[in-house]
Structure formats: structure tokens, C-alpha cells
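J.: For reference, the chains in residue letters:
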Amino acid sequence: MSEQAHTSAAHHDPFVAHQFNDRAQQAEAISLGMWAFLVQEILFFGGLFTGYTVYRSYYPDSFIAGSHHLDIFWGGLNTVVLIGSSLTMAMAVWAAQNSKKSQLVLFLILTLVLGSIFLGVKVIEYTDKFTHHLIPGWDFAWAEPHGHPKHVQIFYSFYFAMTGMHALHMIIGAGIIIPLIIMAMRGKFHKDYYAPIEVFGLYWHFVDIVWIFLFPLLYLIGRH
Amino acid sequence: MIGKFAFWPDLASSFAWKVDAIYILIILVTVLVSLGVYAAIVSFVIKYKRKSEDEIPEQIEGNLPLEILWSVIPLGLVLAMFGWGAVLFFELSTPPAEAINFSVVGKQWMWKVQHPSGKREINELHVPIGQPIRLTITSEDVLHSFYIPAFRAKMDAVPGRYTTSWFEPSKAGEYHIFCAEYCGTKHSMMIGRVVVMEPAQYEQWLKTGGATAVNTGETPEMAGARLFQEQRCMTCHQTNGIMAPVLQGLYGKEIELQGGQKVLFDEAYIRESILNPTAKITAGYQPVMPTFQGQVTEDAIMQLIAYIKSLAGAPGAHAATSPPTETKPVEPQATEGQAASPSTETPAVVTPPADDAQPNAGTDTPAAQPDEPQADGTDSSKEETM
Amino acid sequence: MSAVAVPKHEEAPVLEIPSRTYLNDGYSIKSWLLTLDHKRIAILYAVAIAIFFLMGASFALMIRLELLTPGGDLMEAETYNKMFTMHGLIMIFFVLIPSIPAILGNFLIPLMIGARDVAFPRLNLMSWYIFMIGGTFVLTAALFGGVDTGWTFYTPYSSVYANSNVILTAGGAFITGFSSILTGLNFIVTIHTMRAPGMTWFRLPLFIWAHYATSLIQVLATPVIAITLLLLILERGLGLGIFNPNLGGDPILFQHLFWFYSHPAVYIMILPGMGVISEMIACVARRRIFGYSFVAFSSLGIAIIGFFVWGHHMYVSGQSVYAGMVFSLITMLVAIPSAIKTFNWTATLYKGSISYESPMYFTVGFLGLFVIGGVTGLFLATMGLDIHMHDTYFVVAHFHYIMVGGEIMAFMGGLHFWWPKITGRCYPEFWGKISATLIFLGFNLTFFPQFIVGYIGMPRRYHTYPPEMQIFNVMSTGGAFVLGIGYLLPFIYFLWSLKYGKVAGPNPWRAKGLEWENTTSPPPTENFASTPIVTEEAYEYTHLPEAHVVRASTH
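Top to bottom, those sequences are chains A, B and C.
According to the working numbering, the first sequence is numbered sequentially starting from 1.
According to the working numbering, the second sequence is numbered sequentially starting from 1001.
According to the working numbering, the third sequence is numbered sequentially starting from 2001.
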């Protein structure tokens, strides 16, 4: 029996946590963990999408009427902004993989800025809804000729639940990107160790993809 | 039978034996298989008891033919169970054409039953032997479930929609009615009894009634006709089809909506149109019908439906253009004791139905109840708002 | 423990607790509450779950006492409704779902695969804290008067009409769900990426396969109940109309969303037990499990098929007949993998060398009870029959046979089996067997009459019932007391064994498996002196391990 402890080498590598044998195993584990987490998130949003689909089939006119009150300009702008932030995030991963520290920091900061713009636009949109009495459970009122108030309220319930949950994920993402920026500025990421950037990139792309589904479903119903 | 101890529920409906038959057969199959497994386990455990501390038994990896055998045989057995169960379920869900319609409305914590003759009961259901009976069931508040073990019949009462159940009573006696979907504090007190009688006795009972049943003198169709007047429906729903679709002969037909979709003009559609009239508007008409939510109870809606079902005669305009194009004669659903009143006839109103004021039903007021239909829909002759 | 005979050709070694174990690696509260060691986290879960189990069992006792008599004479209807609701909530979310994975899974998975820890130890600790926070919410709700909606929270009763602490309780369940998700995620990544050299997928113990399948369900299904509970909370708090028919909502949509999780959840509540049984049978019979790959794949099969059967809870809800038929057919299919396992376990006993120690008692008890639980599921899956049986005590009996007769019995058996490894001590064997026997007999007396009274027509969740049904309820309550004693005994002798129990040594059962052969009892914090290298299949009983030897690698 000639096997010796593999553990001692791992204990001395500061970039490898104690439970892992080497960087390769650690990177594989972190990546798989993030994928598993994202699959779970798909199911989480899936419940909302299911409910939305059911009620849209029950009350198509009210959903169309409710949707027309959403501003395509802001929604479209947000879509562009978010896709842009996915681009900058992908560039950040590339920069980390190639040990380009200043570009990494730049792209991470750009991603944060674009994400913040997205959230700012959401504030504008939500404020507009508040002014027009379109927040369910809070002074909701609908006096338009098309759409039944109760059913339009259901539309807006899903609008806020879905975009709100999405925005929450963006806020969490923005929160995580800040320490990543700081660590990047300190030179912690390079071609031999960039797993956190890559894995965060997965998360950020996922949040982007959710929006790409939300936007047409909520904003583009019945528009030609 | 209520009060009588037994190991087995009574069989008091025409299909109860079918349910018991599948039950007993599945018991036999599963007991056989289980006993086989148990016998194997017990005999192995005894026969192969460890004889010495260092004993190592023969290592057997597996046996593919055996694996296939004990996968395929159980698969066959369960598929047979599925097939038989599905066929039986279909039968238990499909009332025969000659079934007469009772309506059942559940609310915390009582059952309100309406006979086709107009008789109303609370927590009791008197039925004759040999007559298939279809129940149209709904709830005024939360989920309930109307369950008669002796009939092997059960169906949830869902607020906001209709469900149906049916049975044909076959044995005289008194049997339990239970609520079988948890509905709050007095769920286990939301019980009653079904009294199955010989047909002659049932006729007698219809006339003279029991202690808690009320003879309103109105069949559901008559009550519906009266409501149609009181709620001013006939103001718009006339036979010229100008302001609102003509309802004569419309029941059971497919109609076209504004968006081009087609829907069936059935009980659920009528109920929705009374409570949410702008949801599914007939093509060619404006969304001007007001909602009657809060002005009519679930019972009243069922009566209006019975009335509309009974409207025979030349079918009205229900396509996109105003002149009537429909040519098929109408066959309204056969209802016992039917009143064939056309829409404009004023029915003879006897006594207003005594509604939920009945005793012996827990009437604890539940918590927040936004927009629930009012308990009393009989004296509302409100101006309609156009 | 009586029967560990040391082979005569060697001197009997004096067994001692090892000097360095995970238990003495720090004694402070901080070393426990901030531990990253999967074994300590398992102990944290064990203590919490034991307390939740006692609470849930107390509620069960109150239910059975009330049901001794037909009238509602012990407590008010509203109180009774809260009793069965809290019983269900606590037992399902805080005992059954976490128990085997969070306790035995956490402790054993890294050991069984030859790893130093799970993939994400900090996430593991966080899972425990999330679990405790969720539990605190529910306990707070209990202190404020509980909740009376039934653990199923059906709308619109729960969202509009109930007068009890729905938001607090649903919030607690929501939070605890994340504990389940993160544990499942941790196990999936651990099993994929941290197996020791030579530990290929098909050399894994079946306990690992079972937990892998369970983890898949935890990760995929739990988010759906999370969002459903969130919508319920929003609806109740803000008066939205999502499930309220008066506002255009659909109460049946709630049922679909709820059962989409809760049906797979019941497989979370049996698959780990099946994994335990595989391990115990292999050891007790000294045999490789018959049809290893069939058992492994059947775990995956149950997990996958289990996602497509939820509508069998809704045959009489107003769901379409045709949808019901699809669900019924697929439900019949999901029974087959369980049957395959049962036959394979039985075949493993054939020509085995079967020891008569307490794990064997628990295993045989499990088989007896699980078979009844499983076949009674077939009755309920049969649509025409389910009309009569739905929401009666027949259903109650069925799921208790599987969850208690199956999972809890397996859990107790697993505790008895791995207790020496976890604590380094043996409990008195005699009392272990008594406990298993009392549990088996008490369980049958409690729940078998419920099949009968359920077919007679006694509905679930009934505070009062017709007098002619009393005899069955009296039998059931009597059985519950016997069952209760069966569960209380282990608390006593397990605790006793910690101080006075015989020292176990590394492998008192002489079982195969890295956790038995390659490390001490209890193990050190880092699990293994050196990473094992696996060269043989699982359950390779052709080479019987020694009771007191720790190997550096497999043979």
C-alpha cells in the first residue's frame, strides 16, 4: 500500500479550501454548485411563470389592458442595459482568465454600473405605477374601459412579483459584485484562479436570461 | 346506516358494489404479494441465521431474468388496476341522461340542498330509490367536499366554480353525509344525513315535507324566472336580441365571443356572466351588462341557471350579426317538475324561499370576506346601473 | 452490545475511545456553533430534530387522546384543528424531510465516499442556521396561538378566512425550504466531485445513490413550494386575488402548485430510508445487495417519475377526468421501482448469513411496514376507488405506514446501526431489540384500524365523529401509547450509552464501507488519516473486515 497523504499539498495551497484536494477539484465543485443553484432558481421563477400563464389564458383581455400600461421604452431600455451588462460580465471573465487585472476591474465596474441603471429604471417604473394606483393591495384602482379591475389586479400582482423577484436577484448580484471588484483591485484573480468571477458570471447571465423572458411576457402582450 | 356499528360501509347506491369489487380484488392481489414477500423474509431470516462469527455466505450478484420477471408482473398488475380504476372513475363521473338535477351549496358550516321540485333542505338530502341524481355543487366560501360514504360518492365544493357528482340510490335507510375537505373550525360538524326512500314515500315527502325541509312551492325554474324579473334581466335580454343576446334555446350551444373564440353556453358560463359580465362577451354586443356580484347568492344563481336552461323556443342571435342564423331546435335539459315558462311570463310567486336563516347549522362568522355573495338575494330589486 | 466475538486467533484488544476525535476537537460553544465539520453539523441537526420530534409527537398524542371518544370533549374544535396542523407541519418540514439527510447524510456521505468534508462546509452550517430560523418562526407562531389550516394550507381558507398565524407559519416553512435546497445542492456537488480515487459511481454505497436521488428532488422541487408559500403570504397580507375566487383567483391552481412540490417531497421522505435499509441489509446478511444497479437506478427512477404524479391528490378537486387518468397511470409506474427494491432486498437475505442484532430487527420491521404502506398507495392511485377513499383515514393510514413505518423506522434503525461509529459507544442490544419490537407492534395497532375506519367513511381532520366508529379509534389510541414507549426508550439508552456504554471500536458490526473500515469510532475531524484509495466494489463481503482494525485503504 503505497498511497500517501495527498492532503498535505492541498493544505499549503492558500487558494484551495481544506476540503478540496486541488484547484481543479475546487473549481469543478464551485461551478457545479452554481449550476445546481441556477437550476433551482429556474424552478423558483417557474412557479411564477406557471401562475402567470394560467391567468393569462383565463383573462386575456385584462392582461392585454394591463400590459399596455407598461412603458415599452423603459422596458426596452432595461433589456438593452441588461444584455450590455452580460457582455461586460463576459468580458470580465475573459480578462480574469487572461490575467488582465485593470480590464477585469473595468468590466466589473461597468457591469455594476449597468446593473444599477437597470435598478434605477425599475424605480422609475414602480414610482409611475404607484402614481397611477396600479400597485395591488395598495390603493389599486382601474377605470379604463378595457379589462376587468379584479383581473388587471392579478396581472399587476404577477408583474410586481416577477419583476420584484428579479430585481431582488439583481440587488443581490450587485451586492456580491462589490467585494469581487475590491478583490480584483487587489489582484486576487488571475489565470490560475478566477473561479469566483466565472461562477458569478453564470449567476449574472442567469438573471439576464430571466429578464429576457419577463420582458416579452409582461410588456409585449398584444402589441403589433 | 347511521348509528349502526359495522366493519364495512353500507352499499346504498347502484355503483357502490363496483367500487367495493375493485377494492376487494386489489386487497386480494396485494395481500397475496405481501404475504409472499413476508413468507420469504421470515423463512430466509430463520433459515439463514448466522452460524458462526466468521461465516461468509455465498455472494450472489443478481439475476437479470428474475429482475425482469418481478418488474414486468407487477407492472402488468398495476396497469390493470389503472385501467379498471379509470373506467370506473369515468362511469362515476358521467351522470346518465335521465338524471335529475339537485343543487348543493356548501358554506361554513352547512350544506344547502335544492330539489328539482323546489323543496329545500339544510344538511339533509331526501332521495328516492332507483332515480339517478346529479348534483351540481359549489361553495360560497372555502373548499368543502360533499361525501356520502354509503353511495361511494364524493366531490369537492369549489368556490367560484361548479363541480358535479351523481349516484342512483338503491337501498332505503339513513346514511351519513360528511364534509370531506377541511374547511375551518366546525369542519367535523358540517355533517348531515341522506334519507333514501321508496319512490312512493318520496313523493309523499315532497308534498308534506319534513321538519327541516322547506316547501317553497317553487321549482328552481320558477324561482329563476322570478329572479329574472326581480333582477331586471329581461330589460335587456329580450327576444329581439338588440341590447343583449337572446337566451331562448341557447343552453348547451357553442357561442362566439368578441375575440373570435368559441365557448360553450353552460352552467359555468352563465354563472361567470352573471358575476363577471365583461369577461366573455358575446360577439356583436357591447360590454354594458352590470355585475350582480353581491346581489345574488349561489343558490339564486343556480335557480337562474335552471330557468335559462328551461327556455325553449326559437334560438336567439348569438353569432356576430344580429339576425338569428341558428336553425336547430333546442333541447333544454330534462328537469323533473319543469316549468316551461318563457322569458316574459311573470311566474306565480308563492313564498320567498327562507334562505340561510335556518337553524342547526354553525354560523360562526368567518374572518375577512371581501365581496362574497350576500346571504339574502330575494328582496333585491336594485336599479341596474348601465 | 453483546455479540462482537473477537476472532480466536488474535489477542482480544482492549478497546478505547481514540484520543483525537471530532467530538473532543474543541469543547467550547463556539466550536460547535461555528463548526465547519460535517459531523458536528450532523449532531447539531440531531439535537434540534429530536426536540422537534418530541413536539410533533406531543401534538399527535393530543390528537389521539381527543379521538378516544366521539365527542369533542377534550379540547375546542379550533384547538384540535391547530393540533393536527402543527403535528403535520412539524413532522413533515422539521423532522421527516431533514432527518436522515441532515443527520445521517451529513455525517456519513463524506466518510462513505472517502472525502474530508462536504463540498461547501460553510453552506452546510448556514443550512443548519436557516433550519433553526425557520423553526423559530413556526415555534413563535405556535406560541401566538398556532395555525389551523392543515399543513396543506389550501386556499381560500388559508389566504382569506383563517383567523390564525398563517403568515408566520408559512414564512417559517418558506425559510426552512432553503435549508433543504442547500443541503441537497451540497450533497450533489460532493458526490459528483469529491469521491476518493477509485470510488467510481458504481462502487458507491447505495446510501449514496439514495441521497443523490433525494438531493435532486430537494433542489428541483423545493423552490416551487417556496414561491407558492410566498404568493400565499402576499395574498393574505395584501389582499391579492391570486387564489381567491372572489377576486378572480383559482384555488385549484394553489393545489397544483402545492402538490407539485409536496408529492416529490414524499419521496424525499422515503428515499433516504431506503438507502439506510440497503446498508443495513448488506451488513446484516453479509451480502452485496442483490441487483445493485437495479436498486441504484430505481432510486433515480422514483425521483424522476415522482415529479409527474402530483395530480393524484386532486382526483375529486374539480380537476379534469383526463388529467386525472394521466396522473393515475404515471402513479402506477412509480410503484414499480419501489417494488423492485423490496424484492432485491428480500433476495439479498436469501442464502445470507443473517445476524440477529437490533439493526436486523429494524430492517425487518421496515420491510413489513413499508410493504403495507406501498401497496395501499395503489388503492389510492386507482381513481374509481379514490373517490371514496380521498380525504378519509385510509389516506392517513397509508402515509403514516410509509413515513413512520418506513422512514422513521429506517431512521431509528440507522441510528442504531451507526451509533457506535458516531459516538464510539455501544448501546445495550437487548433494549434496542425491545424498542424495535414495541415500535413495530405499536405502529400496527395504531394505524391498521385506520384503514378500516377510513373505508367505512371516517374523514380526515375530524374533531368529532359518529359513535359507531369509536372502537377503531380506541384501538388506534392504544397503539399510539405503545408506539410512544417504543420511541422514548432509545432516548434513554442512547444517552446512557454515551457515558456507560461499551466502547465500540472501529467496526463492531464488521461491516464493509469506508466509514467502517478506514477510520476510527468516532472518526477524527479530518475523517481519514490519509485519503483512501478504493479498489473494490461496494459490499465486497468475500473479505470480512476485522472489528478492531482501521485500514489505510481498501483491500
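I should point out that these hints are in silico values taken from the structure, not numbers from a laboratory.
All residues carry an ideal CB built from backbone N, CA and C; glycine is no exception.
The reader is advised that the hints may include incorrect statements.
As the list claims (entries may be wrong) - Mimicking DSSO-like on lysine-lysine, the simulated pairs with C-alpha atoms at most 27 angstroms apart in a straight line are:
| no. | chain 1 | residue 1 | chain 2 | residue 2 |
| --- | --- | --- | --- | --- |
| 1 | A | LYS129 | A | LYS188 |
| 2 | B | LYS1049 | C | LYS2351 |
| 3 | B | LYS1051 | C | LYS2030 |
| 4 | B | LYS1253 | B | LYS1280 |
| 5 | C | LYS2433 | C | LYS2502 |
| 6 | C | LYS2499 | C | LYS2433 |
| 7 | C | LYS2351 | B | LYS1047 |
| 8 | C | LYS2433 | B | LYS1049 |
| 9 | A | LYS122 | A | LYS188 |
| 10 | C | LYS2351 | B | LYS1051 |
| 11 | C | LYS2499 | B | LYS1047 |
| 12 | C | LYS2499 | C | LYS2030 |
| 13 | B | LYS1253 | B | LYS1004 |
| 14 | B | LYS1018 | B | LYS1262 |
| 15 | B | LYS1280 | B | LYS1262 |
| 16 | A | LYS100 | A | LYS191 |
| 17 | B | LYS1051 | C | LYS2499 |
| 18 | B | LYS1049 | C | LYS2499 |
| 19 | B | LYS1004 | B | LYS1049 |
| 20 | A | LYS129 | A | LYS191 |
What the hints assert, rightly or not - Distance ranges between label pairs, derived from CB positions:
| no. | chain 1 | residue 1 | chain 2 | residue 2 | range |
| --- | --- | --- | --- | --- | --- |
| 21 | B | ASN1063 | C | TYR2356 | 53 to 63 angstroms |
| 22 | B | LEU1025 | A | GLY137 | 51 to 61 angstroms |
| 23 | B | LEU1035 | C | TYR2500 | 50 to 60 angstroms |
| 24 | A | PHE130 | C | LEU2065 | 28 to 38 angstroms |
| 25 | B | ILE1027 | C | ASP2073 | 29 to 39 angstroms |
| 26 | C | THR2140 | B | LEU1035 | 40 to 50 angstroms |
| 27 | B | GLN1293 | A | SER116 | 22 to 32 angstroms |
| 28 | A | ALA24 | C | LEU2065 | 54 to 64 angstroms |
| 29 | C | LEU2054 | B | ASP1266 | 19 to 29 angstroms |
| 30 | B | LEU1035 | C | PHE2481 | 26 to 36 angstroms |
J.: Now, for every hint given, state plainly whether the structure supports it.
T.: Checked hints:
For the given pair, A/LYS129 sits about 43 angstroms from A/LYS188 by alpha-carbon distance, which is inconsistent with the 27 angstroms threshold. This hinted pair checks out: B/LYS1049 and C/LYS2351 have alpha carbons roughly 9 angstroms apart, not beyond 27 angstroms. Restraint check: the Cα-Cα separation between B/LYS1051 and C/LYS2030 comes to about 49 angstroms, which exceeds 27 angstroms; the hinted pair is violated. For the hint pairing B/LYS1253 with B/LYS1280, the CA-to-CA distance comes to about 15 angstroms; that is within 27 angstroms, so the pair holds.
With a C-alpha separation of about 17 angstroms, the suggested pairing of C/LYS2433 with C/LYS2502 holds against the 27 angstroms cut-off. Distance restraint check for C/LYS2499 and C/LYS2433: the Cα-Cα separation of roughly 20 angstroms lies within the 27 angstroms cut-off, and the hinted pair is therefore satisfied. Between C/LYS2351 and B/LYS1047, the direct Cα distance comes to roughly 8 angstroms. Compliance with the 27 angstroms bound is thereby established for this hinted pair. A hinted pair counts as satisfied when its Cα atoms are at most 27 angstroms apart, and C/LYS2433 with B/LYS1049 qualifies at roughly 16 angstroms.
Restraint check for A/LYS122 and A/LYS188: not satisfied, since their Cα atoms lie roughly 33 angstroms apart, outside the 27 angstroms limit. The suggested pairing of C/LYS2351 with B/LYS1051 holds, with an alpha-carbon distance near 12 angstroms, which does not exceed 27 angstroms. Simply put, C/LYS2499 and B/LYS1047 have alpha-carbon atoms about 37 angstroms apart, too far for the 27 angstroms limit, and the pair is violated. A C-alpha spacing of about 23 angstroms is found between C/LYS2499 and C/LYS2030, which places the hinted pair at or below 27 angstroms, so the restraint holds.
Proposed proximity of B/LYS1253 and B/LYS1004 is contradicted: the alpha carbons are some 48 angstroms apart, above 27 angstroms. At most 27 angstroms may separate the alpha-carbon atoms for a hinted pair to count; B/LYS1018 and B/LYS1262 exceed this at roughly 38 angstroms. Distance restraint check for B/LYS1280 and B/LYS1262: the Cα-Cα separation of roughly 10 angstroms lies within the 27 angstroms cut-off, and the hinted pair is therefore satisfied. Distance check on the hinted pair: A/LYS100 and A/LYS191 sit about 9 angstroms apart at the alpha-carbon level, within 27 angstroms; holds.
As the CA atoms of B/LYS1051 and C/LYS2499 are separated by approximately 32 angstroms, the hinted pair breaks the 27 angstroms bound. Straight-line distance between C-alpha atoms of B/LYS1049 and C/LYS2499 comes to about 32 angstroms, which puts the hinted pair past the 27 angstroms bound. Of the pairs offered as hints, the one joining B/LYS1004 and B/LYS1049 is violated, with about 49 angstroms between alpha carbons and a cut-off of 27 angstroms exceeded. As the CA atoms of A/LYS129 and A/LYS191 are separated by approximately 46 angstroms, the hinted pair breaks the 27 angstroms bound.
For B/ASN1063 paired with C/TYR2356, a C-beta distance near 27 angstroms fails the hint of 53 to 63 angstroms. B/LEU1025 and A/GLY137 have their C-beta atoms about 53 angstroms apart, which keeps the hinted 51 to 61 angstroms range intact. Judged by the Cβ atoms, the range 50 to 60 angstroms given for B/LEU1035 and C/TYR2500 is violated: they are separated by roughly 43 angstroms. In this structure the supplied range 28 to 38 angstroms is violated for A/PHE130 paired with C/LEU2065, their Cβ-Cβ distance being about 53 angstroms.
The beta-carbon spacing between B/ILE1027 and C/ASP2073, approximately 35 angstroms, falls within the hinted interval of 29 to 39 angstroms. Range check, C/THR2140 to B/LEU1035: about 49 angstroms between beta-carbon atoms, so the 40 to 50 angstroms window is met. For the hinted restraint 22 to 32 angstroms between B/GLN1293 and A/SER116, the CB-CB distance of approximately 45 angstroms leaves it violated. Remark: the range hint 54 to 64 angstroms for A/ALA24 to C/LEU2065 is upheld by a beta-carbon distance near 60 angstroms.
Between C/LEU2054 and B/ASP1266 the CB atoms are about 54 angstroms apart, so this pair departs from the stated range of 19 to 29 angstroms. For the pair B/LEU1035 and C/PHE2481, the beta carbons lie near 29 angstroms from each other, so the given range of 26 to 36 angstroms is met.
In this structure, the hints that do not hold are numbers 1, 3, 9, 11, 13, 14, 17, 18, 19, 20, 21, 23, 24, 27 and 29, in rising order.
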